[in-house]
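Visitor: Chains as they are written, first to last, in the working numbering: chain A, 1 to 390; chain B, 1 to 390.
Mixed in with the good hints there might be a few duds.
[Stated by the list, open to error] Residues from chain B that keep clear of chain A, each with C-beta distances beyond 10 Å, as calculated: (1) ASP13; (2) GLU27; (3) PRO43; (4) THR143; (5) SER190; (6) LEU206; (7) VAL226; (8) ARG236; (9) GLU312; (10) GLY319; (11) ASP363.
[What the hints assert, rightly or not] Label-pair ranges, simulated between beta-carbon atoms: (12) B:TYR318 x A:ARG2: 41 to 51 Å; (13) B:MET1 x A:PRO43: 20 to 30 Å; (14) A:GLY354 x B:GLU387: 45 to 55 Å.
Hint data in this document are derived by calculation from the structure and do not stem from the laboratory.
Yeah, the Cβ is synthetic: ideal placement off N, Cα and C, and Gly gets one too.
2 protein chains.
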Amino acid sequence: MREAYLVGAAQSDFGSFPDESYRSLFEQAYKSTLASVEKGVAPADVDEAIVGTLGVGGRQIGLPGPAVTEHVGLSGIPCTRVENACAASGYSVRQAVQAVKSGMADVVLAGGVEIMTDLSGDATRWWLGVSGETEWERLSGTTFAGVYAQMASAHMKAFGTTKEHLSHVAVKNHRNGAKNPHAQLRFECSLEDAMNAPTVADPLTLYHCCPTTDGAACALIVSEDVVGEYTDDPIRVAGVGAGSDKVGLFQRETYTGVPASQRAAKQAYEMAGVGPVDIDFAEVHDCFSIAELMAYEDLGFCEPGEAGSYVESGATDYGGDVVVNASGGLKSKGHPIGATGAGQVAEAFTQLSGKAGDRQVEDARWGLTHNVGGSGGAAVVHIFEKEETA
Amino acid sequence: MREAYLVGAAQSDFGSFPDESYRSLFEQAYKSTLASVEKGVAPADVDEAIVGTLGVGGRQIGLPGPAVTEHVGLSGIPCTRVENACAASGYSVRQAVQAVKSGMADVVLAGGVEIMTDLSGDATRWWLGVSGETEWERLSGTTFAGVYAQMASAHMKAFGTTKEHLSHVAVKNHRNGAKNPHAQLRFECSLEDAMNAPTVADPLTLYHCCPTTDGAACALIVSEDVVGEYTDDPIRVAGVGAGSDKVGLFQRETYTGVPASQRAAKQAYEMAGVGPVDIDFAEVHDCFSIAELMAYEDLGFCEPGEAGSYVESGATDYGGDVVVNASGGLKSKGHPIGATGAGQVAEAFTQLSGKAGDRQVEDARWGLTHNVGGSGGAAVVHIFEKEETA
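Given the sequences, and given the hints that come with them, work out the whole structure.
Guide: Below is the structure:
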């Protein structure tokens, strides 16, 4: 297998942008991505593009991939739109890695975009709900927060996880996100804020839920044959893993973990030849606080059932075992569905390039990204390694 | 680059099936695909799945990929949904080839599915229109037939192409489709029928337009390392090409051809090391008769402007240069958007396996499939070779 490298990545600002379109947000992310490449890159170098989005297609616009690439001047090259709900652009990046490893392309742009804040109705029900099971969950009245609330309740019952544990996730991620100039919710919150916020779906309060977000993100994946043209400090895509599962939570054997994440992590660790203990930082899919706790367990950072005490101990904060969601995560940075996976990769690139400023993870060498579709119908994990340079 | 092989492929019946769902149609195609593999295949062998669909996602069901793979018992493996309008599953197959060539998978299921006939309104406007440009074409009143009618008018004006030429396409494809047990419109039509049918969008009559279709199709792509486990008569994926373009016709430099198809064909021929003259049969994207005529030119079967006289001469019929749309094409076999590309590959597999019955192309060795998204915002071409066996 030939090696694939991450030579550039960036996101647009995440937030509510009534004056932007899916095209203009993608353009922001694209231009910032080109600018992030150490030695520069010419648009003509790009052999292929892959664009993740849930809603742009759902809005009765076919071909959203070619629609955004034509806007940035990349028209002509092979361009594919992928959708795996909230994991759309995690899968874009995975497909870009396959394209490079296949030998069919040397330079591939993987990205994602979503506009979510222009709905007058209930975005949780419509946007996130679509990511879960529709026929038996959403159409029978279950909100997407309700699905994750069932997982939180099950985790609490099985392992003694508490609302305070959930709140520690929010506190940490808001503290990190407050330092991220591209984050949507750039303010800190206290444990009391998170505990006492209005309930969205018991036991989840407002601070246990990610916001509704517009945004875009891109990453540039290149082959070993050309990586030297773009950087002298290569970041290798060391591991890639993906897994699927029953789309409906009610059809699964467990409510206290995400088997698709476990499968994806196993594949990615095996391919990279490293384990959870080697990872310096991780961007994990915390659409709801319980999702981050389950991710600790599914990714092997702690044992099953121990995530509550693990976050409380500070193990996932700066100075701990593994810094989780240095970017602020979906909770504070925002969750523009189709852009989230590529946005995680953008943070990994920024950290491994040593350019994360106030939120820099020191001596970061191994970074992991973890992107979940729906309540676990799909998951994808990437492991990036900053190679030692001579 | 390691080689990829096509070891099985099949489609469901194409037609109007009010008692079927997107899941049940996919299951039909999946089961028939497994059954088409010479030495058999166990579902547990499948490493990854890629599912193309336009509308299942558009209908507010996220994760349609995992939703159909869980239904057929493939839950757990990496599964991605791709969408490039009417080229969705042509791109599924392409992505499966990349997955195999990347070394990340040995056995990949590529498929597609669409349910179109349950709309009470104008399917041409809603389903096909979405595949074109939305903001400036569809929402300003242009039907999708209207977009292709503009291309037909331009071709007529530039090259003297006639309504009779367009009608020859319909006559040939209906004659072929009448022999295809899985086709939607299994009846012949005369030149007079095609000429005198009601106008849909001038100059296109009803017989110059494909029907509205429900259906699914799958293909199984495997690596050179395992192909011997599945067949002793390997069919190699010799060439793959793809290209994109401005989504809106009005933004392009030409109305008389599809530059995305030209780009895709060039890539595929170069990779395969063959040219148009080597191709024994082709399944081309004849959503409207003019699209088949442009395909002759874009794929290099004849010179630009000569497609009208080319079809009239019988060059694309049995006994001619290249048999085009032996299956009946989109015109007679039907066009379930997300299933069309994989359906073309299913016909290529059937032909190269020598199992096409009354519509068999004799001594078929090289087959080509050509799938277009929208009015040419995306296109993908595959070239398959039946290898010589000892």
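Visitor: Please go over all the hints and tell whether each is borne out by the structure.
Guide: Hint check:
no. : hint                            : in the structure
1   : ASP13                           : holds, 24 Å
2   : GLU27                           : holds, 16 Å
3   : PRO43                           : holds, 14 Å
4   : THR143                          : holds, 14 Å
5   : SER190                          : holds, 34 Å
6   : LEU206                          : holds, 23 Å
7   : VAL226                          : holds, 16 Å
8   : ARG236                          : holds, 15 Å
9   : GLU312                          : holds, 33 Å
10  : GLY319                          : holds, 35 Å
11  : ASP363                          : holds, 30 Å
12  : B:TYR318 x A:ARG2: 41 to 51 Å   : holds, 44 Å
13  : B:MET1 x A:PRO43: 20 to 30 Å    : holds, 25 Å
14  : A:GLY354 x B:GLU387: 45 to 55 Å : holds, 51 Å
When held up to the earlier numbered hints, the structure conflicts with none and fits them all.
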